[in-house]
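A.B. asks: Chain residues, written in single-letter form:
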Amino acid sequence: MEFFIISMLNGVSYGLLLFMLSSGLTLIFSMMGVLNFAHASFYMLGAYVGYTLSTFTGFWPALVLAPLVVGALGALFERVCLRRVHKYGHVAELLLTFGLAYVVLELVQLIWGRIALEFKPPPSLRGPLFTLINHSGQGLSMMLGAAPAELCRAADKAVRVVCSPFPATRGFMMLVAVVMLVSVWLLLTRTRIGLVIQAALTHPDMAEALGHNVPRVFMLVFGAGTALAGLAGVIGGSIFLTEPAMAATVGPVIFVVVVVGGMGSLSGAFLASLLIGVIQTFAVAFDYSLATLAEQLGLPLSQGVLSSTYVKMTLSQVAPILPFLFLVLMLIFRPRGLLGTRES
Amino acid sequence: MKTPINRSRWIIWSSFALLMGLAPLVFSSGLGITVLSQMGIAIIACLSYNILFGQGGMLSFGHAVYTGLGSFMAIHALNAATEGGLPLPVALVPLAGGLAGLGFAVLFGYVTTRKAGTTFAMITLGLGELVFAMSLMVPEFFGGEGGVSGNRMVRDGLWGITFGPPVQVYYLIAIYTFICVAAMYAFTLTPLGRMLNAVRDNPERVEFIGYDTQRVRYLAFIVAGFFAGISGGLAALNFEIVTAEVVGAARSGGYLLFTFLGGATFFFGPILGAILMVLAFVLFSEFSQAWLLYLGLIFLLMVMFAPGGIASLIMMNLRVARYGRLRELGLSYLGLAASGLVMLLGGSALVEMVYHLQLNQSEGPVFGYLGAEFDVGSVTHWAAAMSLLAVGAGLFEWTRRGFLRKWGAIQTAIEVDIKSREAVL
Chain H
1 MEFFIISMLN
11 GVSYGLLLFM
21 LSSGLTLIFS
31 MMGVLNFAHA
41 SFYMLGAYVG
51 YTLSTFTGFW
61 PALVLAPLVV
71 GALGALFERV
81 CLRRVHKYGH
91 VAELLLTFGL
101 AYVVLELVQL
111 IWGRIALEFK
121 PPPSLRGPLF
131 TLINHSGQGL
141 SMMLGAAPAE
151 LCRAADKAVR
161 VVCSPFPATR
171 GFMMLVAVVM
181 LVSVWLLLTR
191 TRIGLVIQAA
201 LTHPDMAEAL
211 GHNVPRVFML
221 VFGAGTALAG
231 LAGVIGGSIF
241 LTEPAMAATV
251 GPVIFVVVVV
261 GGMGSLSGAF
271 LASLLIGVIQ
281 TFAVAFDYSL
291 ATLAEQLGLP
301 LSQGVLSSTY
311 VKMTLSQVAP
321 ILPFLFLVLM
331 LIFRPRGLLG
341 TRES
Chain P
345 MKTPINRSRW
355 IIWSSFALLM
365 GLAPLVFSSG
375 LGITVLSQMG
385 IAIIACLSYN
395 ILFGQGGMLS
405 FGHAVYTGLG
415 SFMAIHALNA
425 ATEGGLPLPV
435 ALVPLAGGLA
445 GLGFAVLFGY
455 VTTRKAGTTF
465 AMITLGLGEL
475 VFAMSLMVPE
485 FFGGEGGVSG
495 NRMVRDGLWG
505 ITFGPPVQVY
515 YLIAIYTFIC
525 VAAMYAFTLT
535 PLGRMLNAVR
545 DNPERVEFIG
555 YDTQRVRYLA
565 FIVAGFFAGI
575 SGGLAALNFE
585 IVTAEVVGAA
595 RSGGYLLFTF
605 LGGATFFFGP
615 ILGAILMVLA
625 FVLFSEFSQA
635 WLLYLGLIFL
645 LMVMFAPGGI
655 ASLIMMNLRV
665 ARYGRLRELG
675 LSYLGLAASG
685 LVMLLGGSAL
695 VEMVYHLQLN
705 QSEGPVFGYL
715 GAEFDVGSVT
725 HWAAAMSLLA
735 VGAGLFEWTR
745 RGFLRKWGAI
755 QTAIEVDIKS
765 REAVL
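Going line by line, the protein sequences match chains H and P.
All letters in the first sequence, in the order written, are residues 1 to 344 by the numbering used here.
All letters in the second sequence, in the order written, are residues 345 to 769 by the numbering used here.
Treat each hint with caution, since some may be false.
[As the list claims (entries may be wrong)] Between beta-carbon pairs, the in silico distance windows are:
1) P/493 - H/140: 53 to 61 Å
2) P/661 - H/325: 45 to 53 Å
3) H/68 - P/363: 49 to 57 Å
4) H/52 - P/433: 57 to 65 Å
Since the hints were derived computationally from the structure, they do not count as laboratory data.
Cβ atoms here follow ideal geometry from the backbone N, Cα and C, with glycine treated the same way.
Let the hints inform the model, and build the full structure from the sequences given.
C.D. replies: Here you go:
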């Protein structure tokens with residue numbers, strides 16, 4: 001039970017991190033029709049800029065400043081490069097962001113080097129947020145912070161006690177993602193600028209005719225989307241790893257999220273992020289393979305079948321490809337994605 | 345109907361064959377033959393990519409799946425032929441790769457070509473990642489970290505052709521390259537090739553005429569997969585080893601990058617791109633550690649300022665030359681080249697200095713680049729590089745504006761000329 005709760009929370013927190021990335025991507029896509037191939041590069045930039053800023057100002061100011069820097073860079077890129085190729089169509093825009101991903105990767109290696117950085121979360125986030133204690137006599141209980149060692153030790157052999165801590169960083173990640181989600185939603189639906197953005201999204205010509213500067217709205221949306229990626233980068237980089245390969249590992253997954261959720265659908269991206277986060281986290285935790293399944297069902301397998309790679313392959317080994325398998329299945333059975341509306 | 349013999353076409357194709365036949369006599373060193381062989385392989389790969397990208401408007405991020413799986417199938421076929429007694433001549437091994445590419449394109453293409461545009465791009469990216477991750481998980485077929493190796497040597501070959509010396513493999517590659525290039529050119533003239541262009545330009549209208557766009561894309565995808573597989577099979581024969589990186593995202597990205605740089609709008613563009621690709625990977629990567637940065641920047645500039653690639657630049661200048669006005673631009677080109685060179689010198693010196701600081705700090709502050717000594721500890725060197733960059737950029741921008749004015753005037757004059765001739769007819 002405690003394994004299930006902790007894995008679920010881990011999965012949800014990873015899913016929320018994915019959503020922080022895919023929401024910006026979806027926002028940009030639904031607005032400008034541009035799938036920002038370099039979105040994961042902005043995530044990486046967020047982590048690196050956050051690291052450098054945190055050496056001067058500490059973690060908390062860097063958490064605010066780094067997304068602003070990344071957002072400004074994103075807006076600059078939109079203004080100087082992307083706007084210029086807008087007339088050539090979406091393929092050219094996608095190609096431009098593809099080239100940007102190359103350049104950002106090389107620049108990051110140029111400035112910060114090729115090895116992983118020591119980017120750690122602040123001390124206040126290092127311990128566990130809470131600990132689940134499963135006592136075979138007293139049942140499941142929860143306590144905030146780390147559980148003292150004597151609580152996790154069984155007094156006698158007959159009693160089984162398992163302590164499962166949930167890291168504070170993960171909790172913080174969930175908190176930031178939820179706050180961000182709510183504020184973006186409020187911004188889009190409750191404020192004037194949000195209304196202008198929505199208008200520019202569906203009726204760009206009309207919004208322009210009413211005197212709104214639509215290209216500037218595009219620039220702001222692109223900047224905001226990349227700033228969200230930068231925010232995710234500061235958090236993701238400090239919790240996981242800050243290294244040049246981090247964009248390439250998370251990039252394809254967020255594209256899968258966007259396609260599975262339905263291109264341009266924010267709620268679809270939310271659902272798909274959580275789904276993929278949970279599936280991947282659970283898969284990593286299970287060491288089951290077809291061989292163990294057959295064993296449990298009582299099926300006798302010959303030695304030849306047992307030594308086959310496919311039968312021995314455990315679920316945790318398959319975990320990295322699950323999002324992509326999910327994508328392929330989704331396209332076969334529901335090509336427009338979970339909550340996608342348009343069948344293009 | 346009897347079509348008259350197209351003389352210029354005959355000249356172009358026979359000089360292409362002649363060029364490939366004579367090239368190893370000129371570049372007869374070991375490196376020369378290797379580079380030429382790789383060029384042949386890359387030409388087929390990039391042209392097959394362009395069936396999707398240039399002719400079909402399908403931006404694929406996973407083309408290496410088909411070249412790579414073709415490579416793996418070919419090396420397994422080679423091993424089966426040399427060890428297991430499969431009656432397959434070594435010269436036909438690339439065809440096995442081609443059939444594998446075709447088979448996987450039939451399988452995967454069914455999923456990917458259901459969508460066009462951006463979604464298609466994302467699906468190919470996902471499939472590429474899927475296959476790459478699988479390649480590390482199934483060591484029986486992909487050989488794990490070490491890859492699969494083979495031996496192409498035939499013991500007593502016909503007419504002394506054992507495929508031992510690289511030059512014999514080069515000629516095999518050259519023959520395949522010529523046939524494949526011709527076949528892919530012929531494909532652009534078939535009804536399917538023409539429909540593919542129509543699907544790229546206006547899918548809605550194609551649907552109205554009664555064609556199934558999805559089917560056209562699917563068929564073109566299969567054709568592209570076949571040629572990609574042949575290229576992969578040739579690579580397997582050439583290197584005699586296939587590792588998992590041949591299906592990786594970096595390889596797919598390379599095909600896209602260089603096909604675009606060469607020029608996707610003309611048939612011969614990808615050939616230029618492929619030649620550039622091999623030169624970049626073999627020679628340029630030796631020259632500078634930061635070559636990927638330069639490549640990315642060049643790509644960004646091309647997308648922004650010359651979306652037709654090098655081929656379109658050549659064709660546009662040829663058009664200007666045909667109207668006898670290229671001479672007016674000569675001075676501008678000279679100015680652009682000179683100021684661009686100054687800018688490049690300054691910029692690349694800066695990049696190399698930063699790289700040296702970052703990676704080779706242990707070798708001391710002084711390093712050699714382009715025959716000059718640079719000292720990363722000296723402020724004057726940094727200032728010199730920066731001012732070189734700034735001056736070069738300023739001059740470049742200035743000459744570029746003048747050039748654009750002239751270029752625009754000439755283009756307008758040519759358009760007017762064409763219009764007036766049409767009016768006379």
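A.B. asks: All the hints need checking, so say for each whether the structure fits it.
C.D. replies: Status of each hint after checking the structure:
1. The hinted window of 53 to 61 Å between residue 493 of chain P and residue 140 of chain H holds, with their beta carbons roughly 55 Å apart.
2. The given range of 45 to 53 Å is respected by residue 661 of chain P and residue 325 of chain H, whose C-beta atoms sit roughly 49 Å from each other.
3. The hint said 49 to 57 Å for the Cβ distance between residue 68 of chain H and residue 363 of chain P, and at roughly 56 Å that hint holds.
4. For residue 52 of chain H paired with residue 433 of chain P, a C-beta distance near 60 Å keeps the hint of 57 to 65 Å intact.
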